[in-house]
Amino acid sequence: MKHLSKKILCAMFVLATTLFTANAENKLSEIQKSGEIKIATNAEFEPFEYKNGDKIVGIDIDITKKIAESLNAQTKINDVSFDAVTLELNSGNCDFAIAAMSYSSDKAQNVDFSDVYYYSKQAIIVPNNSNIKSSADLDGKRIGVAMGFTGDIYCTENFKNAAIERYNKSSDAVLDLINNRLDAVVVDDAPAKKLISLSNNKVKMLDEYLFEEGYRIAVPKGETELLEHINSELKSLKDSKEIDKIVDKYITDSYSPSIDLIAQIYNNLKEKDRYKMIINGLLTTLEITVVALLIGIFIGILISAVKVSRKENFVIKILKAIADLYLTIIRGTPVVVQLFVMYYLIFSSTGLSKVVVSMIAFGINSGAYVAEIIRSGILSIDVGQYEAGRSLGLSESITMRKIIMPQALKNVLPTLVNEFIQLIKETSVAGFIGVTDLSRAGDIIRSQTYEPLVPLSTVAILYLITVIATTFFMSFIERKLRVNDKR
Amino acid sequence: MISVKNLYKEFHQENKLLRILDGINVDIQKGEKVAVIGPSGSGKSTFLRCLNGLEKPSSGSIFFKGTDITAKNCNLDLIRKNIGMVFQHFNLFPHLTIMQNITLAPVSLKIYSKEKAEYYANELLKKVGLDDKANHYPSQLSGGQKQRIAIVRSLVMKPELMLFDEPTSALDPEMVNEVVAVMSDIARHGMTMVVVTHDMSFVKNIASRVLFMDNGEIILDETPEKLFKNCENVRVSKFLNKLI
Ligand SMILES: Nc1ncnc2c1ncn2[C@@H]1O[C@H](COP(=O)(O)OP(=O)(O)O)[C@@H](O)[C@H]1O
Ligand SMILES: [Mg+2]
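These protein sequence lines map, in sequence, to chains A and B.
Counting in this note's numbering, the first sequence runs from 5 upward without gaps.
Counting in this note's numbering, the second sequence runs from 1170 upward without gaps.
Excised from the complex, chain A in its bound form:
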């Protein structure tokens, strides 16, 4: 399913970019002019790129900094899902993508690849007591891979009888390996070593490597000048052994995971100021939800007013058709697809931030549900109210605005709060385009510490508190309103 939607998105994307992106000037001179180099990556692949507190760090990031230095430019990092890295490149938002990517003919149709800057081997991780001794034993087994990574592509092609489980994060795959849900995990050599040490050595690496691949930087198609500069810079980094130094720095940087709860809490929240990421995530979640609901209420009022209009003229008929189309599309497609369409198609070249795009996407989504809520509120108002308004000579729209809508909104207030509560939880999907909301903040910490208990329960408790507080606030408001009624 994911792969299908990815392909469709790719196809739509190529179409959209050919249609919309004006012929920009050469990226290399653009960088030199602006003094800023914009890269796309997926910061969930330790040790190549990952989050350390609020900062994105890793081997690829250090290499990027070297390239940026050579151009006297600052680095600006755009963190998206791995699926989206090349899409980001095509949208013109970024100068190059660096995300432990290897050459694939599929991708080479849309981007140009640099020379190899690092050779990675695909390691096979198995439980310590596993009877898998070599790659020959893998077919027919349950194999965990990181979705879209080389391990995924290789295993899918070569082990036709295996059950391939695709994960967003290789650390999740290793966790499932420990919990006996998988027989083996195939992942890059460098992160594999780190994952094993993080797992308290409950799993081990086979001596045999599955497949060797070279990591490359991707630039937008046709950016020859930029590509040549990157290649020459990579060559000098390799010649001076600079790259080896960078790799050593990240691979030897490890720590031992803790067993007791207090230490885990300390490690997951206090260490490296990780709690800040959680708090910022919570704020982002609330921001997106509140703005989205406001947009949703605005759209909902318009749509529901059109839907219940008694006018029979041509304009209203057209508006009703549009409203029906909107309701059908929004309620008939998953919100995550709507989010992707907004981010990668509609707003791809506008430079709007991910958070803003999320607000718009969730707002438009919520509008459809709010419209139905408000419509039911309108229908619950006695028709006599409408007739009294019209009898006084008020137009349909004034009657709607001044008489029907205020009463309808008051009636549906509790249902609107439910929609808000629904939305708080739904916005966790924003992580798919790389928004660090509450859910993703927990995910990121989990992928760093390899300890799911504290980040997951912290996130869950924070959601719960938000929802309970909202409910409490609502019943307070409702009591207030009822007092007003009786006055």
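FYI, nobody ran anything at the bench for these hints, they're computed from the structure.
Any given hint could turn out to be false.
[Claimed, not checked] Computed list of lysine-lysine pairs in DSSO-like fashion (alpha-carbon distance at most 27 Å, straight line):
#1 A:Lys-406 x B:Lys-1250
#2 B:Lys-1234 x A:Lys-315
#3 A:Lys-324 x B:Lys-1225
#4 A:Lys-274 x A:Lys-197
#5 A:Lys-406 x B:Lys-1279
#6 B:Lys-1174 x A:Lys-315
#7 B:Lys-1185 x A:Lys-315
#8 B:Lys-1302 x A:Lys-315
#9 A:Lys-311 x B:Lys-1225
#10 B:Lys-1302 x A:Lys-484
#11 A:Lys-406 x B:Lys-1283
#12 A:Lys-406 x B:Lys-1327
[Stated by the list, open to error] Far from chain B, some chain A residues (derived; all Cβ distances over 12 Å):
#13 Lys-70
#14 Asp-87
#15 Ala-112
#16 Val-120
#17 Tyr-123
#18 Ala-167
#19 Glu-169
#20 Lys-239
#21 Leu-286
#22 Leu-298
#23 Val-359
#24 Ile-385
#25 Ala-392
#26 Leu-396
#27 Ile-407
[Claimed, not checked] Coverage of chain B stretches by chain A, computed from C-beta distances (three or more under 8 Å per stretch; other residues unrestricted):
#28 1256-1265
#29 1281-1288
Idealized CB from N, CA, C, for every residue including glycine.
With chain A held as given, fit chain B with the ligands onto it using these hints.
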């Protein structure tokens, strides 16, 4: 003032065609106080609602001061400014104060400024004895008070014609008189009125003319004196006997 020609109204209900108004012809002059009586379901409300365009007739035409209000291009909102309507269930706006209920239409339609509308509303409230309720909400009033406010809400627009659909039917008996008193006051000031009612005190004391409706037709069009003294129509006298 009003001229109704060949008015028909039909509803489709469960594949059946219900004829609610069956060829109504009537002229109403300025200053007349017309009572419309008749058995329940005879089409009185439908007839009344046609007069201000709340109900669209199936065929026929209605002229208000020479304008055909059933015509497609007729601006009903303009017509309705001149026609007040009072409903059986008051239909006050529960989310607005009494003052806001009264001034909403004239202010929204820019007939008066807010200050002027409030001043005029206060005058009318004093007349119906409810000026102390201006800042109350409808839910705080009794039925009789609500109906008096509903009348004021129409009057503030200075209409030339007032329509009443059973204005006292939803009231407790002891509240009927306060509403009838207000209506009688309006009548004395020369207002043209069409009143659907079962209240015989209105018919006897205020009405200048009575229409009796049955099965969508006006089967009797008389002065109240004649109606009560010598009624030859069997159905009408049966109906009246039941009421009195
Ligand atoms: N919108 C409607 N659809 C179908 N039937 C209706 C509608 N409105 C009124 N009627 C029917 O028309 C008949 C006359 O109604 P009405 O004019 O309210 O009578 P009255 O006011 O004399 O009691 C009733 O039988 C009622 O059921
Ligand atoms: Mg009636």
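Do the hints match the structure? See the list:
1. Restraint check for Lys-406 (chain A) and Lys-1250 (chain B): satisfied, since their Cα atoms lie roughly 17 Å apart, inside the 27 Å limit.
2. Only pairs whose Cα atoms come within 27 Å are accepted, and Lys-1234 (chain B) paired with Lys-315 (chain A) is accepted, the gap being roughly 26 Å.
3. The hinted pair formed by Lys-324 (chain A) and Lys-1225 (chain B) meets the criterion: a straight-line CA distance of about 22 Å does not exceed 27 Å.
4. For the suggested pair Lys-274 (chain A) and Lys-197 (chain A), the alpha carbons sit about 25 Å apart, so the restraint of at most 27 Å is met.
5. Of the supplied pair hints, the one linking Lys-406 (chain A) and Lys-1279 (chain B) holds, its CA atoms being roughly 15 Å apart against a limit of 27 Å.
6. With a C-alpha separation of about 26 Å, the suggested pair Lys-1174 (chain B) and Lys-315 (chain A) falls inside the 27 Å cut-off, and the hint holds.
7. Restraint check for Lys-1185 (chain B) and Lys-315 (chain A): the C-alpha separation of about 26 Å stays at or below 27 Å, so the hint holds.
8. Between Lys-1302 (chain B) and Lys-315 (chain A), the direct Cα distance comes to roughly 36 Å. Violation of the 27 Å bound is thereby established for this hinted pair.
9. Our distance criterion of 27 Å between C-alpha atoms is met by Lys-311 (chain A) and Lys-1225 (chain B), whose separation comes to about 21 Å.
10. For the hint pairing Lys-1302 (chain B) with Lys-484 (chain A), the CA-to-CA distance comes to about 22 Å; that is within 27 Å, so the pair holds.
11. Proposed proximity of Lys-406 (chain A) and Lys-1283 (chain B) is supported: the alpha carbons are some 16 Å apart, at most 27 Å.
12. For the hint pairing Lys-406 (chain A) with Lys-1327 (chain B), the CA-to-CA distance comes to about 21 Å; that is within 27 Å, so the pair holds.
13. For Lys-70 (chain A), the requirement that its beta carbon stay farther than 12 Å from each beta carbon of chain B is met, with the minimum near 66 Å.
14. In this structure Asp-87 (chain A) is separated from chain B by more than 12 Å, as the shortest Cβ-Cβ distance comes to about 50 Å.
15. Distance check for Ala-112 (chain A) against chain B: the nearest CB is about 64 Å away, which clears 12 Å, and the non-interface claim stands.
16. The claim that Val-120 (chain A) lies off the interface holds: its Cβ sits roughly 70 Å from the closest Cβ of chain B, which is beyond the 12 Å cut-off.
17. Chain B leaves Tyr-123 (chain A) outside its interface by the beta-carbon criterion, the shortest separation being 72 Å against a cut-off of 12 Å.
18. The Cβ of Ala-167 (chain A) sits about 59 Å from the closest Cβ of chain B, beyond the 12 Å cut-off, so the non-interface label holds.
19. A cut-off of 12 Å between C-beta atoms confirms that Glu-169 (chain A) is not in contact with chain B; the least separation is 56 Å.
20. With a least CB separation of 75 Å from chain B, Lys-239 (chain A) remains clear of the 12 Å interface cut-off, as annotated.
21. The claim that Leu-286 (chain A) lies off the interface holds: its Cβ sits roughly 36 Å from the closest Cβ of chain B, which is beyond the 12 Å cut-off.
22. Remark: the non-interface label on Leu-298 (chain A) is consistent with the geometry, its nearest Cβ contact in chain B lying 22 Å away (cut-off 12 Å).
23. With a least beta-carbon separation of about 36 Å from chain B, Val-359 (chain A) lies farther than 12 Å from that chain, consistent with its non-interface assignment.
24. Residue-level check failed: Ile-385 (chain A) sits 10 Å from the nearest beta carbon of chain B, not beyond 12 Å.
25. For Ala-392 (chain A), the condition that its CB be more than 12 Å from all CB atoms of chain B is violated, with the nearest at approximately 4 Å.
26. The beta carbon of Leu-396 (chain A) is not kept farther than 12 Å from every beta carbon of chain B, the shortest such distance being approximately 4 Å.
27. Its closest Cβ contact with chain B, about 6 Å, brings Ile-407 (chain A) to no more than 12 Å, contrary to its assignment away from the interface.
28. Here's how the segment 1256-1265 of chain B fares: 7 of its residues keep a CB closer than 8 Å to some CB of chain A, so the rule of at least three is met and the hint holds.
29. Taking a C-beta to C-beta cut-off of 8 Å, the segment 1281-1288 of chain B contributes 0 residues in contact with chain A, too few for the three needed, and the coverage statement is violated.
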